[in-house]
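First to last, the protein sequences are chains A and B. Here my numbering is used: the first residue of the first sequence is 22, the next is one more, and so on. Here my numbering is used: the first residue of the second sequence is 44, the next is one more, and so on.
Rather than coming from a laboratory, the hints here were simulated on the basis of the structure. In this text the structure is predicted, and so the values were computed from the model without any measurement. Glycine included, C-beta positions come from ideal geometry on N, C-alpha and C. Do not rely on the hints blindly, as some may be mistaken.
[Claimed, not checked] Think about it this way: if two alpha-carbon atoms lie no more than 30 Å apart in a straight line, the pair counts; the simulated DSBU-like pairs of lysine-lysine are:
no., chain 1, residue 1, chain 2, residue 2
1, B, K324, B, K189
2, A, K60, A, K79
3, B, K347, A, K108
4, A, K111, B, K207
5, A, K49, B, K199
6, B, K324, B, K347
7, A, K112, B, K347
8, B, K201, B, K85
9, B, K201, A, K79
10, A, K79, B, K347
11, A, K60, B, K189
12, A, K49, A, K79
13, A, K108, A, K123
14, B, K347, A, K111
15, B, K189, A, K49
16, B, K78, A, K115
17, A, K111, B, K78
18, B, K199, A, K79
19, B, K201, B, K189
20, B, K199, B, K347
21, A, K79, B, K189
22, A, K112, B, K78
23, B, K207, B, K85
24, B, K324, B, K201
25, A, K49, A, K123
26, A, K49, B, K201
27, A, K111, A, K79
28, A, K108, A, K79
29, B, K207, A, K49
30, B, K276, B, K78
31, B, K78, A, K108
[Said to hold, decoys possible] Simulated DEER-style distance windows between Cβ atoms:
no., chain 1, residue 1, chain 2, residue 2, range
32, A, P51, B, N194, 22 to 28 Å
33, A, I136, B, K199, 23 to 29 Å
34, A, K108, B, T266, 45 to 51 Å
35, A, K49, B, G138, 54 to 60 Å
36, A, D37, B, C90, 36 to 42 Å
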Amino acid sequence: MRPQAAIASKVFIQRDYTSGTMCQFQTKLPSELEARIDKQQFEETVRTLNNLYAEAEKLGSQSFIEGCLACLTAYTVFLCMETHYEKVLKKIAKFIQEQNDKIYAPRGLLLTDPIERGLRVIEVTIFEDRSLTR
Amino acid sequence: MKSCEYQQIDPRALSVSPLSAQSHPQTKAQRPRRKWEVFPGKNRFFCNGRIILSRQSGVLPLTLGLIVITCGLFFAFDCPFLVEHLTVFIPVIGGALFVFVILSLFRTSFTDPGILPRATPDEAADIERQIDSSGSSSYRPPPRTKEILINQQVVKLKYCFTCKMFRPPRTSHCSLCDNCVERFDHHCPWVGNCVGKRNYRFFYSFIISLSFLTSFIFGCVITHLTLRCHAGKSLIQAIQESPASIVELVICFFSVWSILGLSGFHTYLVASNLTTNEDIKGSWSSKRGAEDSGNPYTYNGIIKNCCATLCGPMPPSLIDRRGFVPLDEAAAAACTSEIELPPFTAKNDTNMCTQSTKDVLERMLHSSDFHGVCPAGPPKTSPLGLEASDSLGAARAPSMCSRRADSPCTTCARSRKDSLHSINPAFRLASPSPSLPRVNLALSDTQEKGFIPLP
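All chains, please: the whole structure from these sequences, using the hints.
Shown next, in the form of structure tokens:
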């Protein structure tokens with residue numbers, strides 16, 4: 022019998038604004054996921070995501086040089102160059118894909134890249150694990 | 044069955060509701076729609092979604108016209124005289140400033156200011172649940188504000204009824220554009236767009252360069268008229284020889300005061316990391332009470348604040364204008380508009396499986412069509428058709444489907460075959476929702492990849 026699964030519910034990890042408007046997500050494991058995944062694992066995933074977003078928004082020398090260059094070229098440089106933020110977003114997408122394949126999909130969960138939800142939430146889709154009931 | 048065989052079926056081809064099927068019997072492959080075409084805000088898009096403007100473009104044509112006309116007159120009438128009597132660098136500097144002003148203006152007007160996409164129905168439902176559970180009495184509506192701590196300061200987040208979410212800090216809903224904009228500064232009619240997180244630096248460079256340009260032209264015109272007067276003519280004669288100069292003088296005189304004032308004001312805002320919105324509302328004014336209510340976003344340093352606002356990393360656009368409309372929105376739109384059949388783009392298998400699963404599942408959740416469960420026969424639609432339109436309702440439907448069918452594969456396979464043939468609207472009416480079994484089939488295929496099969 023092929024196991025079937027349907028979406029049981031979706032859980033939304035909200036943003037954490039305690040350090041300002043920087044893109045950070047709450048690391049607390051929601052109660053609906055407690056049965057499915059290890060707390061440490063989940064927190065590790067969210068913490069890594071938070072670090073990646075912090076890296077994207079960092080006011081470092083690279084972003085400063087990018088900003089100045091852009092200003093001098095009347096912002097036309099953005100038309101041909103990929104910004105630092107976009108590069109990090111690609112890294113984040115790859116990371117989420119990896120996490121889904123290795124950790125979350127075997128447990129019947131699916132993380133949605135926050136950029137697809139406007140960086141508001143991390144959407145975790147919980148699948149009904151019918152294979153467990155057979 | 045191969046694990047990703049469901050790729051051969053286009054689930055989106057089957058998400059046709061009876062109404063649309065009736066009105067559009069010729070279900071040829073329609074052009075795939077991009078997200079900007081279904082964008083809910085009051086915006087206008089050009090160049091296939093690359094350029095975004097507010098629907099109310101305000102006085103942008105006037106701004107452009109004034110700048111171009113003034114500079115045109117300057118180059119045509121004042122520059123020849125000044126090049127002859129002073130230096131050739133005058134039109135060069137003027138030209139450079141003009142180009143910079145125009146480019147900044149276009150960047151400000153045509154860039155997404157930081158629009159937040161509206162919450163998906165699932166998110167909205169989740170937030171509503173949280174609000175309702177925290178509400179105390181049943182007589183009063185539950186509170187629609189949330190208080191959070193930012194840098195040890197209490198900040199209130201308001202719930203946006205249009206976008207169905209709690210607005211992040213510094214975000215405000217622009218009523219003219221009908222969008223929530225991050226770090227909302229103001230809606231500028233002169234540029235015909237909101238000024239927010241993503242285009243504030245363009246706006247700032249626009250007004251600074253415009254101040255330089257207007258001051259420069261003003262100075263040059265005064266110099267021009269003065270030089271003519273020094274050559275032994277009276278002022279009236281000088282003006283008669285160069286009438287355009289008076290036009291420029293008048294325009295620049297009025298512009299200089301307002302633009303310089305605006306530049307000064309925005310320089311102050313940039314240095315203290317405030318927005319116009321916050322400043323006008325007095326959100327962080329020290330007058331409010333004895334408690335420490337300073338700006339929680341400031342970096343407590345003018346240079347750092349300037350760098351953060353103007354040279355900080357450029358955040359990406361969150362609304363993904365040029366992306367294609369995903370399955371769930373396509374299904375919802377299919378009920379009221381033409382049928383869309385977006386093509387399967389070439390992706391790798393794993394990606395395709397996950398993506399299609401997600402899409403198919405999301406479509407199932409958002410489908411407004413809950414009648415059919417397993418269309419083994421038409422009569423079986425009514426009992427389950429009256430579920431509420433929240434995710435749990437939709438989620439229950441497919442599980443019931445699998446319990447009903449003796450063998451999910453055969454039922455689904457049969458329905459799939461039927462469905463493939465049934466572009467015929469008459470058939471659609473009989474079995475309204477062939478989509479759900481497809482979901483089960485699709486899922487069953489995917490789960491081979493995702494789930495650890497248990498014996």
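Status of each hint after checking the structure:
no., hint, result
1, K324/B <-> K189/B, "19 Å, holds"
2, K60/A <-> K79/A, "28 Å, holds"
3, K347/B <-> K108/A, "24 Å, holds"
4, K111/A <-> K207/B, "28 Å, holds"
5, K49/A <-> K199/B, "22 Å, holds"
6, K324/B <-> K347/B, "24 Å, holds"
7, K112/A <-> K347/B, "27 Å, holds"
8, K201/B <-> K85/B, "21 Å, holds"
9, K201/B <-> K79/A, "27 Å, holds"
10, K79/A <-> K347/B, "12 Å, holds"
11, K60/A <-> K189/B, "26 Å, holds"
12, K49/A <-> K79/A, "24 Å, holds"
13, K108/A <-> K123/A, "23 Å, holds"
14, K347/B <-> K111/A, "28 Å, holds"
15, K189/B <-> K49/A, "18 Å, holds"
16, K78/B <-> K115/A, "23 Å, holds"
17, K111/A <-> K78/B, "20 Å, holds"
18, K199/B <-> K79/A, "25 Å, holds"
19, K201/B <-> K189/B, "6 Å, holds"
20, K199/B <-> K347/B, "26 Å, holds"
21, K79/A <-> K189/B, "27 Å, holds"
22, K112/A <-> K78/B, "24 Å, holds"
23, K207/B <-> K85/B, "17 Å, holds"
24, K324/B <-> K201/B, "15 Å, holds"
25, K49/A <-> K123/A, "21 Å, holds"
26, K49/A <-> K201/B, "23 Å, holds"
27, K111/A <-> K79/A, "16 Å, holds"
28, K108/A <-> K79/A, "13 Å, holds"
29, K207/B <-> K49/A, "23 Å, holds"
30, K276/B <-> K78/B, "64 Å, violated"
31, K78/B <-> K108/A, "23 Å, holds"
32, P51/A <-> N194/B: 22 to 28 Å, "26 Å, holds"
33, I136/A <-> K199/B: 23 to 29 Å, "27 Å, holds"
34, K108/A <-> T266/B: 45 to 51 Å, "49 Å, holds"
35, K49/A <-> G138/B: 54 to 60 Å, "58 Å, holds"
36, D37/A <-> C90/B: 36 to 42 Å, "37 Å, holds"
Of the hints listed earlier, the one the structure fails to meet is number 30.
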